[in-house]
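Protein chains in written order, with my numbering: chain R, 1131 to 1261; chain B, 1131 to 1261; chain P, 1131 to 1261; chain F, 1131 to 1261.
Derived by calculation from the structure, the hints in this document are not laboratory data.
Where hints are given, some of them may not hold.
You can't tell identical chains apart in this list, so a pair holds if it fits in one copy or across any two.
Calculated lysine-lysine pairs in the DSS-like style (CA-CA distance at most 25 Å, straight line) [claimed, not checked]:
id : residue 1 : residue 2
1  : K1180     : K1202
2  : K1139     : K1224
3  : K1222     : K1144
4  : K1261     : K1180
5  : K1261     : K1174
6  : K1139     : K1222
7  : K1139     : K1202
8  : K1180     : K1209
9  : K1261     : K1224
4 protein chains.
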Amino acid sequence: MENTEEFVKRYFDKSVTDRERAIFEGAIALGAIYHQFVGTPICKSKDVIKTLEEAIKKTMQLQPYRESIEVKIHPNLIKGQKDHEYDYETLKGKHLDIKVKAKYGSARASVRMRYIPEIDFTLMYIEKLEK
Amino acid sequence: MENTEEFVKRYFDKSVTDRERAIFEGAIALGAIYHQFVGTPICKSKDVIKTLEEAIKKTMQLQPYRESIEVKIHPNLIKGQKDHEYDYETLKGKHLDIKVKAKYGSARASVRMRYIPEIDFTLMYIEKLEK
Amino acid sequence: MENTEEFVKRYFDKSVTDRERAIFEGAIALGAIYHQFVGTPICKSKDVIKTLEEAIKKTMQLQPYRESIEVKIHPNLIKGQKDHEYDYETLKGKHLDIKVKAKYGSARASVRMRYIPEIDFTLMYIEKLEK
Amino acid sequence: MENTEEFVKRYFDKSVTDRERAIFEGAIALGAIYHQFVGTPICKSKDVIKTLEEAIKKTMQLQPYRESIEVKIHPNLIKGQKDHEYDYETLKGKHLDIKVKAKYGSARASVRMRYIPEIDFTLMYIEKLEK
């Protein structure tokens, strides 16, 4: 494991700090989650939502240096009750509230993605840096 | 519900049979599943695999006229044990064995997608038609 | 080529007609296009839209038995002019009008996907069958 | 535009430097490109490859603070010549060589994604930092 990381480090600019690397890894996760899962069919059912939240969390946590991932899909913004065959929606950025904590060496970056109504945009941002 | 289907039917060619409509709906599901979920991080962990299988099944079942969906991700074709940070893979067509049963009116179409080694191709096909 | 098709045919239910196979192939294309490309960043720029339309058309035409694919992304439904950094959108089903003509043997199926405001749904349907 | 950025900045940890923000934006692009486009049908045809490269570049450049994006899809790693109906492949990480230059304030981050055979992994890394 350490050997793999030593090998990988050669590709990185020498001046990259642990804190910058933590930011890098967290940001990749946000871009990845959005573009992998947007478009998935979804409805207000708690069971469907919880299962998708779990799948996003567990699969995306496999990428390097993710310490934790919290996934919240907002059911109140989803229109479908699945009352008839065409009554469902597909996942959009505005439904998502994602927090990723990435850790590299002694540094931690907490990054987040959520919809900001004032700018009508699903914003990705660095919420908190430790160290 | 019936009203929605009556409305929707106007868009379809008048000569479409129930059997053809069932094929149509099943085929959409196969194309959708492949192109939505390929690329998702995955490893040999049974827990990760089972959670992703469940999410695929429950979300894709929301689309119209899916009677049942079976999702199998083959762990033996996945390389990662997540022994180190870069030890995982992303979902590819060859990992998938998907069966979708679509029902429309009195007709049922069972369609399937799975990797066929002889042609090195993840084939989508109509396995069984009822009526 | 014929040999590959002969091999592949063994997987299909024996009662499948050419017309049903054409429907099957067209439907896969619709499901695939939606779930592959929804989520892609997009803005009102004609150049960006045209390039994405071309890429969808040319890549999705590689799948089996697609005779032609027409891709139209509606610029009037897209909000961003890219006047500032956060002024763009991501591709949604409602932006798309896709026609796929699939041909198998002597049969042709023209299938389509487009947003239907009355049901607030991006409907996939069989527009026309020949033979 | 400046007003939007001032608004957005409130969401970020106060200690984030321009250099860290540039890394953040570049990293999002890498995660986004991989998970948006992996799975797209592809073959050795130069025309198909070039069109997809262009579409990736132009759409992903719409996200904030991307100064430039270079997209290279390696045709030699793709198996299909489209000699018969099933003779094509779908885009995988190993086909991609992507360089993103993100600029924020006076800082630039050049980040890259490409397949590294020694670790059988499509690595994302920070290639060069300016300032």
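Here's how the hints hold up against the structure:
{"no.": "1", "hint": "K1180 with K1202", "result": "both (9 Å within a copy, 20 Å between copies)"}
{"no.": "2", "hint": "K1139 with K1224", "result": "between (36 Å within a copy, 19 Å between copies)"}
{"no.": "3", "hint": "K1222 with K1144", "result": "neither (38 Å within a copy, 29 Å between copies)"}
{"no.": "4", "hint": "K1261 with K1180", "result": "neither (33 Å within a copy, 37 Å between copies)"}
{"no.": "5", "hint": "K1261 with K1174", "result": "neither (40 Å within a copy, 34 Å between copies)"}
{"no.": "6", "hint": "K1139 with K1222", "result": "between (35 Å within a copy, 23 Å between copies)"}
{"no.": "7", "hint": "K1139 with K1202", "result": "between (33 Å within a copy, 23 Å between copies)"}
{"no.": "8", "hint": "K1180 with K1209", "result": "within (16 Å within a copy, 28 Å between copies)"}
{"no.": "9", "hint": "K1261 with K1224", "result": "neither (31 Å within a copy, 34 Å between copies)"}
The structure is inconsistent with the numbered hints 3, 4, 5 and 9, although it conforms to all the rest.
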